[in-house]
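S.K.: The lines below spell out each chain.
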Amino acid sequence: MPLADRMIACTVGALVTASASADLVQCSSASLPIPDGSSSASVVLTVPPDAVGTVQGVTVSVDVAHEWLGDLTISVSHGGQSAILIDRVGIGTWSFGCGGDDIDATFTDAATASADALCSPGGPSPMFFGEILPTESLGVFTGSSVAGDWTITVTDHNLIDAGVVNSVCISITTDAVPCNGDVTGDGAVDLADLNLVLASFGQTTTQGDADGSGEVDLADLNLVLGQFGADC
Amino acid sequence: MHRLLVLALALMCAIATDAAPVVVTPKHRAAPPEEMLLGGPLAPVSPADIPLWSRGAMLRVELDADGRWDGVLPDDGGGDLRIVPVSQARDDLVLTLDDGSGRGPIRLTPATESAGAQTVEIQAIGFFTGYDVRAHQPGRWRASINAPAQTGVAYLAFATESPAGLLSARVTDRTVVGRPIEFRASAHETRNGPVLRDVLMEMIVSTPDGRRVTIPMTANDGGVSSGFFTPDKTGEHSVQIVARGGSLLRTAQHTLGVVAEDVIVGGGALARMSGQGPTLRIDIGALDRGRVEHCRVTAQLWGTDGRGNAVPICWIGGMTMLQAGADGEDSLPLDVDARWIGRAGASGPFELRHVEVRCPRSLALLSGSDAMPLQIDADVAGIANPGRILEEMRVARRSEDLGFVVDLDIPGINRAAGGHNLLLVHGYCADGNPWPLGNFSGAIEVFSDPEANRSHDQFALLLNALADTTKSSGVVAHSQGGCAALHLYTYYFSAMDWAEGPRLIQSLGTPYQGTPLAGNLAALGDIFGSGCGENADLSVDGAAAWLSGIPNDARSRVYFWTTSASGAWCNFFSGLFLTNPEDGVVEVARGQLPGANNMGNTVGQCHTLGMSNPPQYQDASRNSEMNANAAR
Numbered sequence: 001m002p003l004a005d006r007m008i009a010c011t012v013g014a015l016v017t018a019s020a021s022a023d024l025v026q027c028s029s030a031s032l033p034i035p036d037g038s039s040s041a042s043v044v045l046t047v048p049p050d051a052v053g054t055v056q057g058v059t060v061s062v063d064v065a066h067e068w069l070g071d072l073t074i075s076v077s078h079g080g081q082s083a084i085l086i087d088r089v090g091i092g093t094w095s096f097g098c099g100g101d102d103i104d105a106t107f108t109d110a111a112t113a114s115a116d117a118l119c120s121p122g123g124p125s126p127m128f129f130g131e132i133l134p135t136e137s138l139g140v141f142t143g144s145s146v147a148g149d150w151t152i153t154v155t156d157h158n159l160i161d162a163g164v165v166n167s168v169c170i171s172i173t174t175d176a177v178p179c180n181g182d183v184t185g186d187g188a189v190d191l192a193d194l195n196l197v198l199a200s201f202g203q204t205t206t207q208g209d210a211d212g213s214g215e216v217d218l219a220d221l222n223l224v225l226g227q228f229g230a231d232c
Numbered sequence: 001m002h003r004l005l006v007l008a009l010a011l012m013c014a015i016a017t018d019a020a021p022v023v024v025t026p027k028h029r030a031a032p033p034e035e036m037l038l039g040g041p042l043a044p045v046s047p048a049d050i051p052l053w054s055r056g057a058m059l060r061v062e063l064d065a066d067g068r069w070d071g072v073l074p075d076d077g078g079g080d081l082r083i084v085p086v087s088q089a090r091d092d093l094v095l096t097l098d099d100g101s102g103r104g105p106i107r108l109t110p111a112t113e114s115a116g117a118q119t120v121e122i123q124a125i126g127f128f129t130g131y132d133v134r135a136h137q138p139g140r141w142r143a144s145i146n147a148p149a150q151t152g153v154a155y156l157a158f159a160t161e162s163p164a165g166l167l168s169a170r171v172t173d174r175t176v177v178g179r180p181i182e183f184r185a186s187a188h189e190t191r192n193g194p195v196l197r198d199v200l201m202e203m204i205v206s207t208p209d210g211r212r213v214t215i216p217m218t219a220n221d222g223g224v225s226s227g228f229f230t231p232d233k234t235g236e237h238s239v240q241i242v243a244r245g246g247s248l249l250r251t252a253q254h255t256l257g258v259v260a261e262d263v264i265v266g267g268g269a270l271a272r273m274s275g276q277g278p279t280l281r282i283d284i285g286a287l288d289r290g291r292v293e294h295c296r297v298t299a300q301l302w303g304t305d306g307r308g309n310a311v312p313i314c315w316i317g318g319m320t321m322l323q324a325g326a327d328g329e330d331s332l333p334l335d336v337d338a339r340w341i342g343r344a345g346a347s348g349p350f351e352l353r354h355v356e357v358r359c360p361r362s363l364a365l366l367s368g369s370d371a372m373p374l375q376i377d378a379d380v381a382g383i384a385n386p387g388r389i390l391e392e393m394r395v396a397r398r399s400e401d402l403g404f405v406v407d408l409d410i411p412g413i414n415r416a417a418g419g420h421n422l423l424l425v426h427g428y429c430a431d432g433n434p435w436p437l438g439n440f441s442g443a444i445e446v447f448s449d450p451e452a453n454r455s456h457d458q459f460a461l462l463l464n465a466l467a468d469t470t471k472s473s474g475v476v477a478h479s480q481g482g483c484a485a486l487h488l489y490t491y492y493f494s495a496m497d498w499a500e501g502p503r504l505i506q507s508l509g510t511p512y513q514g515t516p517l518a519g520n521l522a523a524l525g526d527i528f529g530s531g532c533g534e535n536a537d538l539s540v541d542g543a544a545a546w547l548s549g550i551p552n553d554a555r556s557r558v559y560f561w562t563t564s565a566s567g568a569w570c571n572f573f574s575g576l577f578l579t580n581p582e583d584g585v586v587e588v589a590r591g592q593l594p595g596a597n598n599m600g601n602t603v604g605q606c607h608t609l610g611m612s613n614p615p616q617y618q619d620a621s622r623n624s625e626m627n628a629n630a631a632r
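Which chain is which? The protein sequence lines are A and B, in order.
According to the working numbering, the first sequence holds residues 1 to 232 in order.
According to the working numbering, the second sequence holds residues 1 to 632 in order.
With the rest of the complex left out, here is chain B (with noise of 0.2 Å):
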């Protein structure tokens, strides 16, 4: 279609508003078997199966009121040593390092240039100075801290040149009020290799309102320590894995959110022809516990064949709200094309199976039902197969009786005048728009919430807001805002909907399969206030559970980049924690999204401005790639 292209930059006022309330309509989705099937990309998936591995340490220290902490810092590798102290007395903060070797101990500050002294920026956080020890001996170093200037907690953060790492993964998959949650942990040789005994673990859970519990953790014979906390707040929590051995230490930080307990489904389903078309209105039962906001929840349909076998219909989906039933009973709706049952040449009996209700602040799973009866209360037999997956079975007509009301504070988003624009994007906690204005063209508006921590379902009904005053929307994402953009098209109805053009969603630098970088950024909240704190969304297994929900048809629409430094590291602290190659904040693995378009990896760029490399959002080559193909 031919689009007037408005050449001149939109106009763009920036309002600052206090939480206002927004209509949004959900989109319910479907897809074919095979995508919720073991194996395919919404296949139920456990935070057991997504263990983070980690060949670092974050070493809490607690300083004396002169400033002054007197410790071990074990090391298990020799060779290198890369260290950096992280506390509020940057400049005058002096860190001493014996390994007993008797040439003397190491003297390092902000000066000390034989140790590679360098600053070193930690997202949010601040600047500090990071150094590389070179050939030391492996062992129990004997460590002091003497900063004048401060007092209480300080981090070390540091990794060895031992391959040997910590694997650990929270193991229950309900992270509700008043039930223990679970934890594992090994530590191994390697990422592969066989598991190191002899290793004590602990667990340190940081809580909402600031308390911090040590909890041992309890080895069974294979050498896999186990533990459990049962959370009475609800909010993001923090967990910590310790393990020390020897002169093994090696951290890895979890967060998690932790939700009420507020509806749980249960009882069967029923399902009847909305009057809109073939949708097919399927009402999960629920019981009401306070639930006030939107959940999103999945299922698999499955009916019966004419030899009485189970078969596959579709997986279902989408975000929805409690509604409650003219019976007095509560439900959570889900609208899908009843077309998918004559594709299937299913009959009754129906069951939903894994059905997962989840919280999308956190993506918590609230509930979940492993089978449930469904009963349709319409002729569905004479239904026909389709032949083949018709686009408007991907996504259920639009009910407006599904909208619900979300309220948004959006201070500092600059709204834009303009018909068909490209939505530029930032990611998590940036300081503002980081795109050159100057690589694109055409009606562009950009997105600007400053150093915000947002679940990316807040973030996405913020673009949301912001792309309605637009008839159409592509979107140009850095980071955290890929997945908001993909978050929105997949869930709601918006202006992206109705964008034309190549490519609808282009992002860089996304950490759709998480980073692990989020837990210890989380970490540091307790030295530094919250900072732009928790965020399990971007945590590994927060990142699985939201992909576990996201089919392939919402993901073809993005294309995704990566970038890798040059060298061993964009970011000194950083790479202590991720697995190379990576940009200083996303791995590059872990920046895949299966079923969505990859573009490629470029060598020798990072994350953001202050790396070893420069900044990946500023290739103007990319950008004009970007500009010229973006859907609008």
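Next comes chain A alone, as it looks inside the complex (with noise of 0.2 Å):
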């Protein structure tokens, strides 16, 4: 890893959960510092390879504190693809671009609001905050697999003004049916997955656990006749 860059990789696992919906969502939010002038940090979310499904939408939620937003570009990549977020906004109206603080904001294609239309002298902090629409459109995605690392690269074009990447949440909608009903980790969800949670209805423990609760209980019950009949 080169000196001026920072990484930090986060395997699947820990902060992916599943729901009916079938959206993958993983955040990191370990701290890491953007190295100020034409260096970059990197966060990877990596979603491991038994991962199915194809990507049907993305959004990437990005938290960010920095003391002057337009010395940042921030893109998603994955897969060979890759799409930029924010491109040192204000560029082109400001000599050193949008000179606002902070980000706390979910770059989704579905915003109205751009970045530049945010930026604004005497503005609020975080001055990039709500939905946002990102610089490229994250439809780039759509069709790849879900699998793989997804690169979050914040990138410090301009000395002077420091920041860190507090967090990062990548949220993924799949065409994939959601399997959390499969408790057997058999690929399917069927008798012996309902077996397993009645086996174990009412009691504080994983197994037959579907949605992580701690319990099983009915929830577990119906995650599991809601899927049942279903390929993992």
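Heads up, a few of these hints could be off.
[Stated by the list, open to error] Selected chain B positions facing chain A (Cβ under 8 Å, derived; list incomplete):
no., residue
1, Glu392
2, Arg398
3, Gly419
4, Asp468
[What the hints assert, rightly or not] Residues on chain A that point at chain B, a partial pick, calculated with CB under 10 Å:
no., residue
5, Ala30
6, Ser31
7, Pro33
8, Pro35
9, Glu67
10, Phe96
11, Gly97
12, Gly99
13, Gly122
14, Gly123
FYI, nobody ran anything at the bench for these hints, they're computed from the structure.
Since the structure is predicted, the reported quantities are computational estimates derived from the model, not experimental observations.
Ideal Cβ placement from N, Cα and C applies to all residues, glycine included.
Two chains, two separate frames, one set of hints: put the complex together.
M.R.: This is the structure:
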């Protein structure tokens, strides 16, 4: 790893959850300093190779503390594709770009507000907040395999002001059928899963705990029944 | 926000360039109705409401081929007479005065100790000898000048102990070529005392091409005299009002910019949403007669309430350029946040009142309209009342399509590398940076535009050219530099907008309300060349016109200090024309900026080096405070 670059790699599992809408949400909340001046910090979120399905949509949430947002380019890359979320906002308007502080925003193609529109002297901190339209469409990832590394790269192009990546989250909508009902892990939601849930029903255990709540209860039973017959 | 502090002085490299095109983006401002109505800081001003009061005189005398002049010096005071002969022959000039009391003529030379001869520096003009002639009789002195080394023109600048003075004002708002400009004047026993009768008035107009025209003024029954002149040239004009009566002689120096009538507003205004959030673009109808430079446009926006009464919505203003419309009609665009309409609960019909178009070089009034209809092609009826004035309502969203190119002649400006800087700025016609650099720390930049005469607008654009090389800048400014910094912050987007810290603009000895000295210094130009020349923005009525376009929101970012002499005056010459307390250039009363933060007056400091007290900008304690509190 180059000295000037910082990188945090997160493996899937600890922060990946699955829901009935089949979203993968993966986050890193490890603090990562952004090297000041033409260097990058990268956060790698890894979806393991056994994850199934293709990408239907992506949003990226970013929490960055930085004193001069016009210094920053932030991009996300995966599977040979990349999309720029922001690119030195305000350059071309202000000599050194947008002078606002901090980002706590979700980049989504469904947003209507651009980062440029949010940049204004005397504006709030964080200056970029809420849902923001990325500079480049995140639709570039649609159809790609969900598995693999998702890399969020933050580059500071100018000296003087420094910052930190506080957290990033990527939320991926896939076409895979949700399979947390497969509590036996045999690749299908079937009678074996139903039996395991019923056997553990009412207990505090991970055995048969489909929703990861720590207890096996009606919610777990409903999950299995709802996904019954699915191949994962 | 935490900032990296660059401890070393910024690297500076002097550049000298010819005029260079620079794109600037104007900032269009809005302010609540209470600021624009009568008594508010943005209420329309007339120069007639801002008269000059003069207790001194500048008597212009012509030396003959032998360098001699003989004449009469009226003195209505008795007691002390303070007098400064201003000519090119300082050391060889002998002034002789005889009050007819029988004690014989008083011979004044630079070595005349009995008359308190003292060296007097007149800014950008030179060094002279001033005299304080004591215990004489009032009357009409026989006076003579003998300056063998000189012919041509000299001035006798003097003041008596009499409280009588001359009150004079320009009463014509518009100063455009081809239109008569009227001045009125009256002499009074005291500042607020009765009018003195039997005083003859005349006005002497000095034009930019060097002509001098003397015009008699006509007195009415009330003792107020009036005179007109019609300029045929653009540029800075100097008008001296001369009052003579018995042993009274007073003069007052006015300076004003005359402009071509190259834009005329009229017809009406049309507004529509600009597409940038809640921004409303108001296009004020205008006739383009060759206008090539930007203008300052201000107006009051009025609507109608539920009962059909006119209701004030807000004041709007900013720099703008004439734009050609698709339908062939020209307009002056101004942006404003439409939520002001919701705040006022107003609906149509709408109207713009007190529309003023001013030339930013001299703030001369180019064109105006008392009222014009405003058609708004947008659904503004549904705009909710935001409940309070949001900060983003005070400055319309930045619109790059309003940007324009200015050609800047920027010789000698030091550009500095750095991120978040403190900009040290000098004043009008200064030799260079006056601030002791050792009193300031961190990343600093030094503005240097020596011995230059700039309008506030030109000065501000030069500051912008320097500040634009940094991410953000706060300002510590001396004298006119304070006006320039406030002008920049008010009217243009710049690196100042991103500065963070307690005090954005800190100024010292800034003539926010002008100085009567501006005209007097300008008058000396016919002896010494242009010197630093006339500067209408520094005149008292020019300053009032400028201030009438600076909302309180911008003023509140200014922290200002004044100083004054510990004795009778800071400068013997300027003391003839300024009202105490003053610092040799700026009267404390006219150094005030209502709406800003008054940091107090320090007695015992003068405006610049070479005056009777130490120069104000060398106060290490104040400088340290400025440094510690500066936004950067």
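S.K.: Decide, hint by hint, whether the structure agrees.
M.R.: How the hints compare with the structure:
1. Glu392: holds, 7 Å
2. Arg398: Interface hint status for Arg398/B: holds (7 Å vs cutoff 8 Å).
3. Gly419: With Cβ-Cβ at 3 Å, under 8 Å, it holds.
4. Asp468: holds, 5 Å
5. Ala30: Where the cut-off is 10 Å and the nearest Cβ of chain B is about 21 Å from Ala30/A, the hint is violated.
6. Ser31: This interface hint is violated because 15 Å lies over the 10 Å limit.
7. Pro33: Given a least distance of 13 Å, the restraint on Pro33/A is violated.
8. Pro35: Violated, because the Cβ-Cβ distance from Pro35/A to chain B comes to roughly 13 Å (cut-off 10 Å).
9. Glu67: At about 5 Å, which falls below the 10 Å cut-off, the nearest Cβ of chain B leaves the hint on Glu67/A intact, so it holds.
10. Phe96: holds, 4 Å
11. Gly97: holds, 8 Å
12. Gly99: Gly99/A check passes; min Cβ-Cβ to chain B is 3 Å, inside 10 Å.
13. Gly122: holds, 6 Å
14. Gly123: With a minimum Cβ separation of about 8 Å from chain B (threshold 10 Å), the hint on Gly123/A holds.
When the structure is compared with the earlier hints, violations turn up for hints 5, 6, 7, 8 and for no others.
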